[in-house]
Each structure stands twice: as structure tokens, then as C-alpha cells.
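> This is what each chain is made of:
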Amino acid sequence: MATVRLKKGFDIHLLGAISDNALAATGQPQSVAVVPDDFHGIIPRMEKKEGEHVIAGEPLYHDKNYEAIKVVAPVSGTVKEVRRGERRHIDAIVIIPDGGADTVAHDLKRPALDVLLDSGLWVMMRQRPYDVVPVPGVKPRDVFVTAFDSAPLAPDLDVVLGDKRQYIKKGVEVLNGLTSGKVYIGIRDGQSIDAPGAEVTTFVGPHPASNAGVQAANTKPVNKGETVWTMDIVTLARIGELFTTGKVSHDTVTAITGEMVQQPRYVTTVMGADLETVLKHELTNVVQSRIISGNVLTGMKVEASQWLRAPYRHITVIPEINKPDEFMGWAALSPNRFSIYRTFTTWLRGLKTPVSMDSRIKGGERAIVRTGEYDAMLPMDIYGEFLIKAIISGDIDKMEQLGIYEIAPEDFALAEFADTSKLELQRIVREGLDRLRAEMS
Amino acid sequence: MKALRNFMNKIEPSFRPGGKLSKLESVYDGMETFLFTPNATSHSGVHIHDGNDMKRTMITVVVALLPALLFGMYNIGYQHYLAIGHADTGWFTMFLYGLLAMLPVIVVSYGVGLGIEFISAQIHHKEIQEGFLVTGILIPLIVPINTPLWMTAVATAFAVIFAKEIFGGTGMNIFNVALITRAFLFFAYPSRMSGDEAFVKLDSAFGMGGGTVVDTFTGATPLGQVATSVGDPTMTNIVGEPISCMDALLGYIPGSPGETSIIAILIGAVILLITGVASWRIMCSVFVGGLGMAALVNALPSATYPASMLDPMTQLCLGGFAFGAVFMATDPVTGARTTVGQYIYGLLIGVFAILIRVYNSGYPEGMMLAILLMNAFAPLIDHCVVSSNIKRRARRAAIKENKEG
Chain A
1 MATVRLKKGF DIHLLGAISD NALAATGQPQ SVAVVPDDFH GIIPRMEKKE
51 GEHVIAGEPL YHDKNYEAIK VVAPVSGTVK EVRRGERRHI DAIVIIPDGG
101 ADTVAHDLKR PALDVLLDSG LWVMMRQRPY DVVPVPGVKP RDVFVTAFDS
151 APLAPDLDVV LGDKRQYIKK GVEVLNGLTS GKVYIGIRDG QSIDAPGAEV
201 TTFVGPHPAS NAGVQAANTK PVNKGETVWT MDIVTLARIG ELFTTGKVSH
251 DTVTAITGEM VQQPRYVTTV MGADLETVLK HELTNVVQSR IISGNVLTGM
301 KVEASQWLRA PYRHITVIPE INKPDEFMGW AALSPNRFSI YRTFTTWLRG
351 LKTPVSMDSR IKGGERAIVR TGEYDAMLPM DIYGEFLIKA IISGDIDKME
401 QLGIYEIAPE DFALAEFADT SKLELQRIVR EGLDRLRAEM S
Chain B
442 MKALRNFMNK IEPSFRPGGK LSKLESVYDG METFLFTPNA TSHSGVHIHD
492 GNDMKRTMIT VVVALLPALL FGMYNIGYQH YLAIGHADTG WFTMFLYGLL
542 AMLPVIVVSY GVGLGIEFIS AQIHHKEIQE GFLVTGILIP LIVPINTPLW
592 MTAVATAFAV IFAKEIFGGT GMNIFNVALI TRAFLFFAYP SRMSGDEAFV
642 KLDSAFGMGG GTVVDTFTGA TPLGQVATSV GDPTMTNIVG EPISCMDALL
692 GYIPGSPGET SIIAILIGAV ILLITGVASW RIMCSVFVGG LGMAALVNAL
742 PSATYPASML DPMTQLCLGG FAFGAVFMAT DPVTGARTTV GQYIYGLLIG
792 VFAILIRVYN SGYPEGMMLA ILLMNAFAPL IDHCVVSSNI KRRARRAAIK
842 ENKEG
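Sequence lines, in order, name chains A and B. Those letters in the first sequence? Residues 1 to 441, by my numbering. Those letters in the second sequence? Residues 442 to 846, by my numbering.
One thing to keep in mind: the hints can contain errors.
[To be verified] The following residues of chain A were derived to be distant from chain B, with all beta-carbon distances above 10 Å: (1) Val-135; (2) Leu-178; (3) Thr-201; (4) Gly-246; (5) Thr-346; (6) Pro-354; (7) Ile-368; (8) Asp-395; (9) Ile-396.
[Claimed, not checked] Within a straight-line C-alpha distance of at most 25 Å, the following computed BS3-like cross-link-like pairs (lysine-lysine) qualify: (10) A/Lys-422 - B/Lys-841; (11) B/Lys-451 - B/Lys-567; (12) A/Lys-7 - A/Lys-280; (13) A/Lys-323 - A/Lys-301; (14) A/Lys-220 - A/Lys-7; (15) A/Lys-301 - A/Lys-182; (16) A/Lys-109 - A/Lys-139; (17) A/Lys-247 - A/Lys-164; (18) A/Lys-224 - A/Lys-182; (19) A/Lys-398 - B/Lys-841; (20) A/Lys-8 - B/Lys-832; (21) A/Lys-64 - A/Lys-139; (22) A/Lys-48 - A/Lys-247; (23) A/Lys-220 - B/Lys-832; (24) B/Lys-841 - A/Lys-224; (25) B/Lys-443 - A/Lys-323; (26) A/Lys-169 - A/Lys-224; (27) A/Lys-280 - A/Lys-301; (28) A/Lys-170 - A/Lys-109; (29) B/Lys-841 - A/Lys-182; (30) A/Lys-139 - A/Lys-170; (31) B/Lys-832 - A/Lys-389; (32) A/Lys-8 - A/Lys-352; (33) A/Lys-389 - B/Lys-567; (34) A/Lys-220 - B/Lys-841; (35) A/Lys-323 - B/Lys-451; (36) A/Lys-301 - A/Lys-80; (37) A/Lys-220 - A/Lys-8; (38) A/Lys-280 - A/Lys-80; (39) B/Lys-443 - A/Lys-139; (40) A/Lys-109 - A/Lys-247.
Honestly, the hints are just simulated from the structure, not real lab data. We put the CB at the ideal spot given by N, CA and C, even for glycine.
Let the sequences and hints guide you as you build the complete structure.
Here it is in C-alpha cells:
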């Protein structure tokens, strides 16, 4: 088993970590929603109308370009609303659960690819290049599976896996049949995994060591013209479960973390469950909180009236503004103004003490001035700053040459946090990838 | 703070479009973000941000420049009282004299530069950028103290407009703005930039100091003396007493205000390196390159080039070498940005600075020209370094294709 040591990156220690791995169950959700934006690359075409009844695992919509790609209902119930935003963009599909236990059963004698596309698990996977839902018909060179999450306050994926762990073997077997190469699984130091047939690599180092793209770049980088699939170990186990039982389970373990949470803990709930149910009695102060579905780096800001978003395993709640009208914050000598740079005094206290961080940007957007900030946060053989500049200037050739096929927006999340110039790097990378994808198709 | 906040809130509407003072909107925004960290929260991407911003970064550099600035003021006074034969004057009087002598330069530098920045920000409806905070203090430190204020004003305006704003402002410039200011002065008014009259202020400052200059006075800097010397160079202070390397280390020599004291500069260097604001790769490689080149020219001494007889350590202690290495070469915007590139960039600055200094009798000091020259080459160096990454990636893809084909 190979070990890869990554030096670049940084572990942000925030207040509100989980201290006890016990699971608590939330009640039955009042509503459940599927948010199409969670599955980038899919243009939804509805199969169900408002008021129709669905059972768990039944398709709600399919992709406009590849009709075989289905996105399914996580629960049985009635489609209450197809909520649309500007230009009829579908914001969410809301289902009122009826408590029924029916789940679509798949015929496992069909080709694995078809079963996977029908099951709704397909959209839980991503492909490089472009960081989108994989295109059917393109056989991936390899599959990269990350078995841990190193993001701030991230859940322990072993806890999220729970008893689905038994299906890992089957999942690897299925994926091995779908790729022309290997299934690579990245684990953290000290983690153990029983996955015969997979190439297991240990990654030692700070975040973003758990990003599948970072793991791929440090094992077998993606070249132009190649496609690889990425996913987390939970999705792999769900695939294993599907091909063992014929059914997809839509229950999930979600970590509720962050400073504004009374008692950070794991809960079991359903994919896409409404946050009013999931966060009932959990928050200290709803008004001044920012609820994030996901982690503070890559998650989505959601309202308490909305739903748990993919990958359905993490909620972080931080203060929106913990120090309004901070007087001359740039001159602060207090170690409480957290910075990974030694221009502030946090480093004297140590950067491992958990800190409170709010969502303020703490500075204006500027041109890139300081050198090496992005590279220090990106453990890949890529000149991050030059790539970002190529994307901003729309230079397609340069983007390709500098390795845009290897990256996803999440790989630049930590650099975006650390950026003195406060550029929206994830948005820039996403726009670059989308642009390139449009150009290439 | 509450009262101040309320006051700012009260005056805000008149600065917004439609208000009486809407032409000063960016000035208001500049003041507001200076006083209060904006309450703006992230709406895309990451939800938390590091506390560091451009204001803090630039202020850190200004803090690092303070030792050199304070000593520079003191040294102006020291040189002045030495020249008028009152070397026994108290250090505070000397400092006060220097302070009074330098204050107008600082005011002119910031006034002209920030004025242009404000106007430019207003025209583009952008926030005021912090880059000039550093440039504005660098200029008084590298311009000879006897430069007329109007020259400094013209040069600053030229540099800010033509070396920075037309390229897009802070972060977009190719050449170091403070050095362009100096280069403009150097080429536009050469007689005021070197020789006996440039570096030691002899007249009074706001009524302070002044007096009859002693007969033995000569205002040339040590490097100026070396350049014009015949045979083995000896260096003296402004009243003809011999000086040693230690005087240069401490800074009791004539020169531009910021450049004389190596110790003050090194304190600044330590601040820059501990805070990580300046690249240690550039800083160290400038010194390595300079030392190597100085050793080389010293190994081949020649009477035609008297500076070649200086021993390498003295070379680095004199003139603007150390100041340039610590504060100018490390400007991240105009320097090389790749790790490998920074070593090359720094090394070549050191080499060229000594090369120009020794073998070009027209320029006793080569640091300014060396840095400006390498500013021009920095993008090329980076291009070569990045190209190797591109080639590596292309080769990886090619190997793969060959295997398949």
C-alpha cells in the first residue's frame, strides 16, 4: 500500500467540532427536496408533475442531453412543488413524504451501467475533466474514491458509512467492471479499509488531502483527452448496496457542526430532508447564523426553510457577523483575528486552537499581489496563479496547458480562503470549466 | 467608535450617487474601509476568509520601513551638523532637524501619489488601492534629500500615472513605481541626483540648523568617491575623515535617506521575512548574487575600474544595494512570481547591480538600474519556468498516447 505525503494545504480548526460519534435520529421530514444545481452538468427535463405521487427511487427528471441519466426521488410521497427561479430555472423539487416504505427495485440482470444510470446514484459521481456528472458512454480511465474528508469540521466518513461498510467490496467490483483502469481509494493515516480489487493509497497531510482530484493528481494525473470518475466512499458503498440488494437506500448520516450549534453531533436522516426538521432545537441563534449545507469551504449557503443539499452528509452553522463594524480591523494586534499569515498575531498563539470565524470577507477585492498564496494551498503540480489568470483572460490554450483538466473548483477552495486579494476563485474556476466544456462540445 | 460609526453613516448619503459630494465617493469608501472592516459577507465560494487583506499587507511593509526611515531622519541631521562643524549636537536635535527636512518630501510624495490614486479610483468607480501606501514612503527614502520638492512631485506624478495607472493600477504594473520615480529624476535632472550637492542638506530646515559649512566639506557618497578615485580607493566622510565598513553598517555616511544604515534595513528585512510578506528567496538570492559578483570583480581588480578594488562585503554595505535587495527587489508585483523564477530573478539583480556599479563609470550605483532591468525580464523568467511545467504535462500526455498507439 502506497503512502503519499502532502505538505501543501492547511487544516482550519473551527469551533463546534463533534466530540461524540453517537447517532441521533431526526423525526420524519416535513418535506424533502432535490436541488438540480447539486448535480452540475445536468439540464433537467421533468418526468413528474406537481401533484403526482412518487415512490423512493422513482425518477423525478432526466438530463436533456443524455436521457438515461435519471435523478430520483429520495422518499415516497407527493410532488408538492417544482420551484422555479429566473428564466424557468428549476430551483428545487419539493416532495411531501407519505411515510411509505416502498422503494424501486432494480433488475440486477441488466447491464451494470444501465442499472447505475436508472438508480439515481449516477449523479452522485463526478468526472474530470470539468467536474460534472459523468457522461455515459465514455469509459473512465480510472475511478478515484476518497474515503475521508479533511475539510474543516468535516464528518468522519467511517461514521457516515455505518453498516454500509459491508458493501464496499461489491462497489469496487462493480466499478472495476466499468473502468478500463483501476479503482483507487484514498484513505487517511490510520484508517483501515477492506477493499479487495482496489488500489488503496494513504494520504498524509492537511486539507485538501481528501479531495479526489488532489489524490488523483498525486497518483495518476488526468491528461487531456482522458476521463476519470471521482466520488466519496459513501457513494461507492451505496453502489455496492444497490448491486447487492437491488435497492438504493436514501437514508444518510449528517454531521451537524459549527459554533452556532448547541451540541454538535451526527444525526440520521433522509437525503434532501428539510432543515427545519433536521436542525430542530439544534441552533443557539437562528437569526445571526449562516447555515451551510456542506463545509465552510465548498458548501452552499441555505436558509432554515430549505433543505439538506448533496452530498447530504454535513451541515455547518457559523455566525454571519461576529464582530460588526470592527474598528480598524486591519490594524488588529489581537490573536483572535484569525489569519494563517504571520502579518497577524494568531501564529504566536498557535494555529491549532479552534477559532470562531464568521462569514465576513474582511477586505476588498484586489489584483493578485502576494506570490505563492495559491500554490501553498494546492498540493498539485499546477501553477495555480497562472491558471487562474489564464481562466480570467479566457485563454483556452493556456488553460489546457496549465492543467485545467485536473482540477475542480473545490481544489481552489482553500486558496480562496487564504487569498489576500479576496478573489472568488471557485467561481472563476467553475466558469472556466464550463466555458471550456461548451467550447469542446 | 459608535459615535464615529454614526457620523460616517450620517455623512454617507451625500457621497453616494446623487449626493452633493458624489465625486468623492471613492474617498469616502476609502476612509470607511480604513476605519471599519466592511461588514460584507461572502455570497459565493468559501464562507470564511482569512483575516489578512491588502491593507494589512501594505502596512506591514510600511512598518518594516520605519527603522530605515527613523534612522534616515537622524542621519540627515547628523550629516548636516557634521558639515557645519557642530558634530557634538545632541542626537534629538539632529533627529528633529532630519524630521523637519524630510517631512515636506513625505507630504509631497503622499499628496501627489494618493491624489492621483483617488482621482483614478473615482474615474473607474473602484475602491482605492493600497499600493501607494508603500510607494509613498519609499520615494522619500530613495530620493536625495536636496531634490527640490517640485521635482519630486513631477517625478511621482509621472511614475504613478505612467508606470502604474495606465497599466491598470496596483498589482498590474511592470516596473516598481518608486524606482521609476527615482529613475525619472535620475535621467531628467542628473545634476541634482549625484555629486557633492545631492545628499547632504546644508541649509536650514524650517529655521532649524544652518550655518557655515566647514572648509574640508565634500558631499560625495562613498561610492561616488570610489568611482572618481585613482588607484586604491579610500573613502572618507563628508569632512575628510576616513570611514570604515562599520560606519556604513551603522549608517553614518551620506546617501539617500533610507539606504545608509544596513542595520536599520536588516531590522526591516527581519520584519518582512518573519511576517512572510517579502520573498526570502528573492532577498537572499540578491545578496548571494551581489556577493558572488563582487568577489569575482574583486578577484580581477583593475585600476581602470576603481570599484573593483572594494572587498565584497564593503560593496554590499555601500550605496543602495541592501535597501534595494530588501525593499525593492522583493516587490511581488514587479518581481518573478514562480519559486524557481525568484531565485534566478534575485541572483541576476545582485549580479547586474555590481556589474553596473563597477564597470560603468557613468553610474556609481547600479542597484536601481539592475532592479528595473530585471523587472522587465521577470515575466520572461516566469514564462520559462511555467513552460517547463507545461512541457512536463504535454510529455505525460504524449507517453500515454504512445502506449495506446
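> All hints are to be evaluated individually against the structure, with a verdict given for each.
Here is how each hint holds up against the structure:
{"no.": "1", "hint": "Val-135", "in the structure": "20 Å, holds"}
{"no.": "2", "hint": "Leu-178", "in the structure": "19 Å, holds"}
{"no.": "3", "hint": "Thr-201", "in the structure": "19 Å, holds"}
{"no.": "4", "hint": "Gly-246", "in the structure": "37 Å, holds"}
{"no.": "5", "hint": "Thr-346", "in the structure": "8 Å, violated"}
{"no.": "6", "hint": "Pro-354", "in the structure": "13 Å, holds"}
{"no.": "7", "hint": "Ile-368", "in the structure": "6 Å, violated"}
{"no.": "8", "hint": "Asp-395", "in the structure": "12 Å, holds"}
{"no.": "9", "hint": "Ile-396", "in the structure": "14 Å, holds"}
{"no.": "10", "hint": "A/Lys-422 - B/Lys-841", "in the structure": "38 Å, violated"}
{"no.": "11", "hint": "B/Lys-451 - B/Lys-567", "in the structure": "22 Å, holds"}
{"no.": "12", "hint": "A/Lys-7 - A/Lys-280", "in the structure": "40 Å, violated"}
{"no.": "13", "hint": "A/Lys-323 - A/Lys-301", "in the structure": "20 Å, holds"}
{"no.": "14", "hint": "A/Lys-220 - A/Lys-7", "in the structure": "18 Å, holds"}
{"no.": "15", "hint": "A/Lys-301 - A/Lys-182", "in the structure": "36 Å, violated"}
{"no.": "16", "hint": "A/Lys-109 - A/Lys-139", "in the structure": "20 Å, holds"}
{"no.": "17", "hint": "A/Lys-247 - A/Lys-164", "in the structure": "13 Å, holds"}
{"no.": "18", "hint": "A/Lys-224 - A/Lys-182", "in the structure": "19 Å, holds"}
{"no.": "19", "hint": "A/Lys-398 - B/Lys-841", "in the structure": "21 Å, holds"}
{"no.": "20", "hint": "A/Lys-8 - B/Lys-832", "in the structure": "23 Å, holds"}
{"no.": "21", "hint": "A/Lys-64 - A/Lys-139", "in the structure": "20 Å, holds"}
{"no.": "22", "hint": "A/Lys-48 - A/Lys-247", "in the structure": "21 Å, holds"}
{"no.": "23", "hint": "A/Lys-220 - B/Lys-832", "in the structure": "17 Å, holds"}
{"no.": "24", "hint": "B/Lys-841 - A/Lys-224", "in the structure": "10 Å, holds"}
{"no.": "25", "hint": "B/Lys-443 - A/Lys-323", "in the structure": "13 Å, holds"}
{"no.": "26", "hint": "A/Lys-169 - A/Lys-224", "in the structure": "31 Å, violated"}
{"no.": "27", "hint": "A/Lys-280 - A/Lys-301", "in the structure": "18 Å, holds"}
{"no.": "28", "hint": "A/Lys-170 - A/Lys-109", "in the structure": "15 Å, holds"}
{"no.": "29", "hint": "B/Lys-841 - A/Lys-182", "in the structure": "16 Å, holds"}
{"no.": "30", "hint": "A/Lys-139 - A/Lys-170", "in the structure": "19 Å, holds"}
{"no.": "31", "hint": "B/Lys-832 - A/Lys-389", "in the structure": "19 Å, holds"}
{"no.": "32", "hint": "A/Lys-8 - A/Lys-352", "in the structure": "16 Å, holds"}
{"no.": "33", "hint": "A/Lys-389 - B/Lys-567", "in the structure": "20 Å, holds"}
{"no.": "34", "hint": "A/Lys-220 - B/Lys-841", "in the structure": "11 Å, holds"}
{"no.": "35", "hint": "A/Lys-323 - B/Lys-451", "in the structure": "21 Å, holds"}
{"no.": "36", "hint": "A/Lys-301 - A/Lys-80", "in the structure": "23 Å, holds"}
{"no.": "37", "hint": "A/Lys-220 - A/Lys-8", "in the structure": "18 Å, holds"}
{"no.": "38", "hint": "A/Lys-280 - A/Lys-80", "in the structure": "22 Å, holds"}
{"no.": "39", "hint": "B/Lys-443 - A/Lys-139", "in the structure": "63 Å, violated"}
{"no.": "40", "hint": "A/Lys-109 - A/Lys-247", "in the structure": "13 Å, holds"}
Going through the hint list in order, the structure does not satisfy hints 5, 7, 10, 12, 15, 26 and 39.
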